[in-house]
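Given next are the chains, with one letter for each unit.
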Amino acid sequence: MTLRGNSRLARLAAILAFAPVLVSAAPPAELSVQIVDKAGIPLRDAVIEIARPAGDTRPVAFGWRNAMAQRDLAFIPGTLIVPQGSVVAFPNLDKVRHSIYSFSKPARFKIDLYGRDQTRTQRFDISGSVSLGCNIHDAMRGYIRVVSTPYAAKTDAGGNAQIPGLGRGSYSVVVWHPTLAGAGNEWRGQLSAVPGQRSRIVVSIQPRAAR
Amino acid sequence: MKGWLRRLAVRSRTLGGRIALLFIALLALVMTTIMVVAGSGIGLFAHQAAGRDLASNARVFERILSDRESQMAQAAGVVARDFGFREALATGDRATVASALVSLRERTQAQEVAVIELDGRLIPSAEGRQIDGAAIVASLNEGRDTGVVRLDGTLAMAAAVPVELPDLIGWLVVIKPLGPQEIAELARLSAVQVQGRVVERARLDPALAGLALGEVGELETADGAVLTQVSALQPMQAGIEPRLVLVYPLALAMQGFSKLQWLLALIGLGGAVAGAWLGLRIAQDISRPLGSLAQAVRQYGAGTVAKVPVAGASELRSLARSFNGMVNAVEERERQITHASLHDSLTGLPNRRFFIEKLDRAVARQTAGNRNLIAFIDVDDFKAINDTLGHPMGDALLRHVARVLQERFPEAMVARFGGDEFGLLLPGLEPDADCANVARSIDAALNNDVLIDGRQLALSCSFGIAVGPQDAVDSDNLLKCADLALYRAKNDGKGTFHFFEPALDEEASRRRHLEIDLRRAIRDGEFELYFQPLYSLTEERVKGFEALIRWPHPQRGMISPVDFIPIAEESGLIVQLGEWVLREACHHAATWPDNISVAVNISPRQLMGDGLQQCVVQALAATGLAPTRLELEITESVFIGSIERTLKLLHGLRSLGVRVALDDFGTGYSSLSYLRSFPFDKLKIDQSFVRALDDDASAHAIVRAITTLADALSMETLAEGVESAEHRETLRQAGCQMIQGYLISKPMTAAAASAFIASAPKREVAA
Numbered sequence: 001m002t003l004r005g006n007s008r009l010a011r012l013a014a015i016l017a018f019a020p021v022l023v024s025a026a027p028p029a030e031l032s033v034q035i036v037d038k039a040g041i042p043l044r045d046a047v048i049e050i051a052r053p054a055g056d057t058r059p060v061a062f063g064w065r066n067a068m069a070q071r072d073l074a075f076i077p078g079t080l081i082v083p084q085g086s087v088v089a090f091p092n093l094d095k096v097r098h099s100i101y102s103f104s105k106p107a108r109f110k111i112d113l114y115g116r117d118q119t120r121t122q123r124f125d126i127s128g129s130v131s132l133g134c135n136i137h138d139a140m141r142g143y144i145r146v147v148s149t150p151y152a153a154k155t156d157a158g159g160n161a162q163i164p165g166l167g168r169g170s171y172s173v174v175v176w177h178p179t180l181a182g183a184g185n186e187w188r189g190q191l192s193a194v195p196g197q198r199s200r201i202v203v204s205i206q207p208r209a210a211r
Numbered sequence: 001m002k003g004w005l006r007r008l009a010v011r012s013r014t015l016g017g018r019i020a021l022l023f024i025a026l027l028a029l030v031m032t033t034i035m036v037v038a039g040s041g042i043g044l045f046a047h048q049a050a051g052r053d054l055a056s057n058a059r060v061f062e063r064i065l066s067d068r069e070s071q072m073a074q075a076a077g078v079v080a081r082d083f084g085f086r087e088a089l090a091t092g093d094r095a096t097v098a099s100a101l102v103s104l105r106e107r108t109q110a111q112e113v114a115v116i117e118l119d120g121r122l123i124p125s126a127e128g129r130q131i132d133g134a135a136i137v138a139s140l141n142e143g144r145d146t147g148v149v150r151l152d153g154t155l156a157m158a159a160a161v162p163v164e165l166p167d168l169i170g171w172l173v174v175i176k177p178l179g180p181q182e183i184a185e186l187a188r189l190s191a192v193q194v195q196g197r198v199v200e201r202a203r204l205d206p207a208l209a210g211l212a213l214g215e216v217g218e219l220e221t222a223d224g225a226v227l228t229q230v231s232a233l234q235p236m237q238a239g240i241e242p243r244l245v246l247v248y249p250l251a252l253a254m255q256g257f258s259k260l261q262w263l264l265a266l267i268g269l270g271g272a273v274a275g276a277w278l279g280l281r282i283a284q285d286i287s288r289p290l291g292s293l294a295q296a297v298r299q300y301g302a303g304t305v306a307k308v309p310v311a312g313a314s315e316l317r318s319l320a321r322s323f324n325g326m327v328n329a330v331e332e333r334e335r336q337i338t339h340a341s342l343h344d345s346l347t348g349l350p351n352r353r354f355f356i357e358k359l360d361r362a363v364a365r366q367t368a369g370n371r372n373l374i375a376f377i378d379v380d381d382f383k384a385i386n387d388t389l390g391h392p393m394g395d396a397l398l399r400h401v402a403r404v405l406q407e408r409f410p411e412a413m414v415a416r417f418g419g420d421e422f423g424l425l426l427p428g429l430e431p432d433a434d435c436a437n438v439a440r441s442i443d444a445a446l447n448n449d450v451l452i453d454g455r456q457l458a459l460s461c462s463f464g465i466a467v468g469p470q471d472a473v474d475s476d477n478l479l480k481c482a483d484l485a486l487y488r489a490k491n492d493g494k495g496t497f498h499f500f501e502p503a504l505d506e507e508a509s510r511r512r513h514l515e516i517d518l519r520r521a522i523r524d525g526e527f528e529l530y531f532q533p534l535y536s537l538t539e540e541r542v543k544g545f546e547a548l549i550r551w552p553h554p555q556r557g558m559i560s561p562v563d564f565i566p567i568a569e570e571s572g573l574i575v576q577l578g579e580w581v582l583r584e585a586c587h588h589a590a591t592w593p594d595n596i597s598v599a600v601n602i603s604p605r606q607l608m609g610d611g612l613q614q615c616v617v618q619a620l621a622a623t624g625l626a627p628t629r630l631e632l633e634i635t636e637s638v639f640i641g642s643i644e645r646t647l648k649l650l651h652g653l654r655s656l657g658v659r660v661a662l663d664d665f666g667t668g669y670s671s672l673s674y675l676r677s678f679p680f681d682k683l684k685i686d687q688s689f690v691r692a693l694d695d696d697a698s699a700h701a702i703v704r705a706i707t708t709l710a711d712a713l714s715m716e717t718l719a720e721g722v723e724s725a726e727h728r729e730t731l732r733q734a735g736c737q738m739i740q741g742y743l744i745s746k747p748m749t750a751a752a753a754s755a756f757i758a759s760a761p762k763r764e765v766a767a
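Going down the list, the protein sequences come from chains A and B.
So the first sequence is numbered by my numbering: it starts at 1 and just counts up by one.
So the second sequence is numbered by my numbering: it starts at 1 and just counts up by one.
Just chain A, same shape as in the assembly (with noise of 0.2 Å):
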């Protein structure tokens, strides 16, 4: 079912690609997204993948550094979304040491203390979330969402994502945030997009987080 609706998203967009003229006066294709929780507070940091629609062959690349630094005891960015398959880089910027770990399924590891200016890297080759910590800095965390699709995207402070190169059509869609409730912390579902209309995804996070 999932094929025939990303087959048929697909032929439209041909056809869409192939007849400029007709299309020109509407905008680029682009899905906006807002989640909000059961209170209709908006989200942030929350990861929005879609999956790659039949057919697709878009590379997976985003327009961002594959790259989780620390600064003032903090991981900037807190969410990082990278490609499956790609290395990043720990940059320390402040001017103690840290010692990043995971304990998260997709990758397990442990980078021993390094200081200022030091970069360690660390390949992710299986997606899902990987959650850090710093080993002496306990409050600090960072997320890495390892995706296998170019259509993801994490929410601004309003809650809101726009992720490029899809038009109208049914969606399969995971929602991710470290607060969600449900297995994994991910919510999925499907989502019928109408090109320049903003969807809006309700999500229930955790008791405690949402405290």
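If you're looking for bench data, these hints aren't it; they were derived computationally from the structure.
Just so you know, these numbers come straight off a predicted model, no measurement behind them.
Backbone N, C-alpha and C define an ideal beta-carbon position, used for all residues, glycine too.
Possibly wrong hints are sitting among the right ones.
[Claimed, not checked] Some chain B residues close to chain A (C-beta under 10 Å, calculated; not the full set):
| id | residue |
| --- | --- |
| 1 | E87 |
| 2 | A90 |
| 3 | T91 |
| 4 | D167 |
| 5 | I169 |
| 6 | I385 |
Place chain B on chain A using the hints.
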């Protein structure tokens, strides 16, 4: 203590007792009030303090619990953050995790340590624990990470720390028991001995369940009253409501304070006893001097001279001093009064009363061998001395007499009886003592010339002497004897003395009887008037009669006026007698021819009274006799006394027309000044001069001088006691105008007088 109270009860009517009783009562009241107020205050305070203790204890308990839980959380935190432990958890190494939990449990001496995952699944340190993971997670999700949980059905304290990989995947929970043993251990850490337990709200006693949380309440239990507080403990598991129940036995709480109350009671009792003792002391300090003062007053009232000791407080000393001063003053005044009442102020001699007291005592002891001599002394004619020389001189004379007597008889008691009378008591005379010698000695001392204020005076005293027991055996009679003797001495002619003789007593008795008879005679009209003619030499006729009273006594015959007139004078009967004579004389004279007058003798006593003029007027009015026909004869003695008064009276009588003659001229204290100040109508020359005419040439000269003087003063002269014709002729030659005497006629009855008048012309021829 018992005797003390009895004494107090006895004294409650006394001032001291009242003070003490009041003091004790007040003190007891104050002490009781203080004890009640302070006691209840202490009780209240203790109660509140116990309540506060309990409340603070509850806070301490909660604090200790929370401290314990923090400690548990700290210990758990170390493990929860341990990298290895987290790695073991992350990799699902259950055996390692379990061993780490056991290790933690033992290290913290906890009952159970477990990991509870977010979905409530449990990783315990040992199998078989009953822990409601989901309920605990529900609590933890609400932020309550310490508190009470239920472990194996009982309440326990727990602390949870998050397990983060680095995201939260569950909780490491440390659980410790909260049984009686642990609570007791906690209780030891608090300041006061409270008992506590932790129970679920549903299992609370109804009594406790009714209490507001955090409020201290008081409950009655089988072990007595207790203070109790129920407070909520934080649960770390949904669905349970743990309560901390603290119990504080009131007896235990009040233990310290009841000691304080006992001490207070002891102090109160001690204060009351000390106050009572002090009250008694003060009361005694006041009442003892008052008592001795009262006793002294009683003694003083009974007649003893009592003084009180000057001691104690200054007021009491002052009171005692005042009292003693008063006693002294009263003593002194009494002494003065006694002295005044027993002494004469002029001479300082004892008075009559004192004399008689002394005499009474002396007479009581007298025997034939121990005799008492008393002398009654009277200054002769003292009245005349006083009148002529003045009272100061008279007083000086009396003082002289007193001094002389005291000096001469130092062993005797000399007293002044008043006026010019003195008494002398010479007690203890021996049988052979010469009383006559004593009398002579008195006589020699008193009858002397004395020099007073530079003036020579012939002092003349008469005195009578009586000696006990021979004259009388009691003092009254002895005094009477001496008085009679004095009377006799006076009668004997003054300036002399007389011893008492029984005859004197008889005479006195006769005089008394005579006085009685005299009264009766006046009442019964026994008297008669006789008349003696008064013959005028110039006219050679009888010009009048002198009325003379006669008393023909029924038993004793005719009694001479010489005998009864003095008695009448002394007794005052002379006034009545004189009035009768006046009326009777006027009555007879009224029957006579108009040229014949009547002369009536007027006693000095009559002149002294007020009624004479009235009496004369009445007599004249009653008989119709012309005043010029009445002649009043007065003696010179009337001028001894108030001369002014006498003169006034005589002038009054003369203004009526009555003539006044001076009787017995030349015998008394004649003074020419009287003649000048009162122009008498007639001078009657005393018969002693007439009798002396026979053999005394000087008598002739005196008569001549009198008639010449009388002539010069325009007065008539009449010679009394003319018995012979020679006398008559001599008097005629001497210029005397009238004569009276036996030559003319003896006194005669009224009837005879009338006859005499009728026959007068014939006799006139015969003469």
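For each hint, the structure was consulted:
Restraint check, E87/B versus chain A: the minimum CB separation of about 7 Å is within 10 Å; hint holds. Annotation: A90/B was flagged as interfacial toward chain A, and the flag holds, the nearest CB pair being 3 Å apart, inside 10 Å. Because the closest C-beta pair between T91/B and chain A is about 8 Å apart, less than 10 Å, the hint holds. Hint status for D167/B: holds, given a least beta-carbon distance of 5 Å to chain A, under 10 Å.
Checking I169/B against chain A by beta carbon gives a least distance of about 9 Å; that is within 10 Å, so the hint holds. Annotation: interface hint on I385/B violated; nearest CB of chain A at approximately 151 Å, more than 10 Å.
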